[in-house]
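Visitor: What follows is the residue order along each chain.
Protein chains: 2
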Amino acid sequence: MLSRTNLTLTALVTVIATPSLAVAQQRGPEVADFTLANGLELIVIPDHRAPVVTHMIWYKVGAADETPGKSGLAHFLEHLMFKGTAKNPTGKFSQVVARIGGQENAFTSQDYTGYYQRVPSDQLKTVMEFEADRMTGLQLTDDVVLPERNVILEEQNQRIGNNPRARLGEQIDAALYLNNPYGKPVIGWRHEMEELSRDDAIGFYRRFYAPNNAVVVIAGDVDPAKARALVEEAYGKVPRHNNLPPRIRAQEPPPVAARSLTLADARAEIPTLQREYLVPSFATSKRGESMALEVLAHILGSGSNSRLYRGLVVDKQVAVAANAWYDASTLDLSKFAIGGSPRPGVTLTQLEAETDAIVVEVIAKGVTAEELERAKTRLIADAVYALDNQASMARWYGTAMTTGASVNDVKNWPDRIRAVTAEQVQDAARQWLDKRRSVTGYLVKDVSPQAEKRS
Amino acid sequence: MLSRTNLTLTALVTVIATPSLAVAQQRGPEVADFTLANGLELIVIPDHRAPVVTHMIWYKVGAADETPGKSGLAHFLEHLMFKGTAKNPTGKFSQVVARIGGQENAFTSQDYTGYYQRVPSDQLKTVMEFEADRMTGLQLTDDVVLPERNVILEEQNQRIGNNPRARLGEQIDAALYLNNPYGKPVIGWRHEMEELSRDDAIGFYRRFYAPNNAVVVIAGDVDPAKARALVEEAYGKVPRHNNLPPRIRAQEPPPVAARSLTLADARAEIPTLQREYLVPSFATSKRGESMALEVLAHILGSGSNSRLYRGLVVDKQVAVAANAWYDASTLDLSKFAIGGSPRPGVTLTQLEAETDAIVVEVIAKGVTAEELERAKTRLIADAVYALDNQASMARWYGTAMTTGASVNDVKNWPDRIRAVTAEQVQDAARQWLDKRRSVTGYLVKDVSPQAEKRS
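Just so you know, the sequences run in chain order D and B.
Just so we're aligned: 228 in numbering that gives the first Met the number 0 is position 229 of the first sequence, and the numbers increase by one with no gaps anywhere.
Just so we're aligned: 140 in numbering that gives the first Met the number 0 is position 141 of the second sequence, and the numbers increase by one with no gaps anywhere.
Just so you know, the hints here were simulated from the structure itself, not pulled from any lab data.
Where hints are given, some of them may not hold.
Partial list, derived from the structure: chain B residues whose beta carbon lies under 8 angstroms from chain D [to be verified]:
hint: 1; residue: V150
hint: 2; residue: A174
hint: 3; residue: P180
hint: 4; residue: G182
hint: 5; residue: R239
hint: 6; residue: L243
hint: 7; residue: R246
hint: 8; residue: A249
hint: 9; residue: A265
hint: 10; residue: R266
hint: 11; residue: I269
hint: 12; residue: Q273
hint: 13; residue: Q349
hint: 14; residue: E351
Derived list of chain D stretches under chain B, where covered just means 3 residues or more per stretch with a C-beta under 8 angstroms from a C-beta of chain B [unchecked claim]:
hint: 15; stretch: 196-210
hint: 16; stretch: 398-408
To give an idea of the interface, some chain B residues facing chain D are shown, with a C-beta separation under 7 angstroms as derived from the structure [said to hold, decoys possible]:
hint: 17; residue: H78
hint: 18; residue: N149
hint: 19; residue: L152
hint: 20; residue: R258
Glycine included, every Cβ here is placed at the ideal spot set by N, Cα and C.
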């Protein structure tokens, strides 16, 4: 199962070599949106090019909904959801998906947990019945829970523990959010993961897994009316949860102090500079602000034409890598990141000074009309090309529906990007790329005698 | 009402000019310890020098027990506890205390909330009856809650908002604890305080205020048997709370990245360097470790003979102030702080380098026998002199009983300090004064054109 901490709109799509505005004018399919009597929401994205369907269920619960001290629980439950019900013992669902030639996976973020299957379209009903069954029927015993805890601990080891950059990111997140639960890693703090129990998992499951806390997204070879009938049949009988807890995201105090941190790791062969700024997400931003941040991230740090790449790698030759990204898709405050790795012989301090100079220039002078057009064209083209991928489309809608956006927000996204002005981009840079809102992380090689032991 | 974030054993006592070992050998009074059938604990510290008694009730609940998003609630409730019951309307209790010539106050920390009255000893029963009445009888209406919220907001303004060093401390705490609730300020994040409601306060009160979550400490002119009878009579009828929530302190992940932060404030006339290290408290430490940290803090930064003062202020003349302190009295992990202010013309970077050199020297070479003896003598003498102050004694016991220590731990504290060795002090420095465990804060004057607006 894969655990994802970020899902940006731009990250969803394949990179295309030569986008064109003509393509960008294209429109997507007619997306249908229904809500069942028990509160389950259904999004259908028809796509009849092949007799295949992608079925996803998105629960509006993620790592940020965990109780303090129980980090990693949302992701642990994601794993445990494959452990069977009274009707379908462990492994049965996965065996059936495999037998009909399907694929399956699952993912957890701060705000949502999702499960999906891609199967021949005549098998849609089959996977829905399995999914509806495990919405409330999960059965867990210690003999399946405890070995699975070792699995997530090993996953933590691979993804974070043995990955110096991921460790850096974990520390930056923890220092960036002073109050909001997004400061905890989605996979969990290892010492808390080690203590997660069957009761923790079942308690979390019973609190949050319910039709009125879920969105089914179906993309593929099915018509909306038929999909709706199938969903009614499979999921309609699952009772509504009458005591669903509210989604609490403790708000950040105004950020007033620029922070930095240094992580020394014996395996960090290449030093890294990474800075994250606390910025609005799509859901928390005023109209247009989030789009301006998307455009700004693109201009600053996406690809070899970007300000950071051109300035640091090509012109000044102080870096071997430079980039920027922004995650719009979170229920509460999000982050805007810039970073890079210095060329050998260049210090992180030098790289930071040159990076700062580029940021300061964008704040002071804004972006050019040409940069703006290039960024918008590319972002819109990427979105249009995303229509071509069933799973990407479904993920885009699922992410939107679980992070405070709507079907219309997804549909209108290209138009909103198109409307971004150079002034808005400069305003976004001025307002949000303020060091007091940021944590700057330095990843360096640990060369101390104890380094071996520490890592 | 006063809100206290730290209460160290050494902070409890008056500073005495010439401590002597002879005094330090003195023993305190016989302290009695009872538990009522309803779970209320009672500590009696007889002191018959004057016909006065100090009555305190300590609840085992503080800011760290607040629900995420509701910071400041423990302290807010402390204020609201003066708003009356069905039996005793608002102000009655305070009026009676004033009329009988008494004093009263209250305090909140991360781990406890306390209320006290100092009254003529024949009035002990009177104040106990008021205190027992408001343990479960508090009545709150919006017309008293909302104005009191303005009071705590103004208190936040005075204590933190208008105090650059307190703002620095708030930011350091928030960056020091990545997972533990101690990262939140006791007084609350202002934006959350603004939203606290009557229901929040009553809900918190009902969850945590109960005889089996409280300790009554009586110091003064009363004998233990009489005190017990009075307590039985006043508090014995309050029913036990059968669903008392556990005291959860989410544990910190291993600290791996040295952090720093810069706070610019237009009112910061003198720059400040402050570093806090995450260290064990008395309750979380292995035997002797916490005492070694007390001795270390004293040697490093208490008074004009301390390493930091001598090194930075006297010898190198780079600082106008230098100090160190350690807070042993927390239920979970605590902090060890060092800091100072540079002499005009000296940068914080220079001061930090010189400070680091002194810390490194203690780690490398330990402390001298003379420093060790002087520190131990002083700490023990301070503790003995604390016996002289009724309120200090009561506070010492109350703090101990609500932060995981026992009556015997308080009694044995001087002996344990006496047993600390130079090796233990050096070990403590080596193990805990590790930059990866720390946040270094820089307070500088904000000289930007927007500074006025920001402050």
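Visitor: Are any of the numbered hints broken by this structure? If so, which, sorted upward?
Guide: Of the numbered hints, 1, 5, 6, 7, 9, 10, 11, 12, 13, 14, 15, 16, 17, 18, 19 do not hold.
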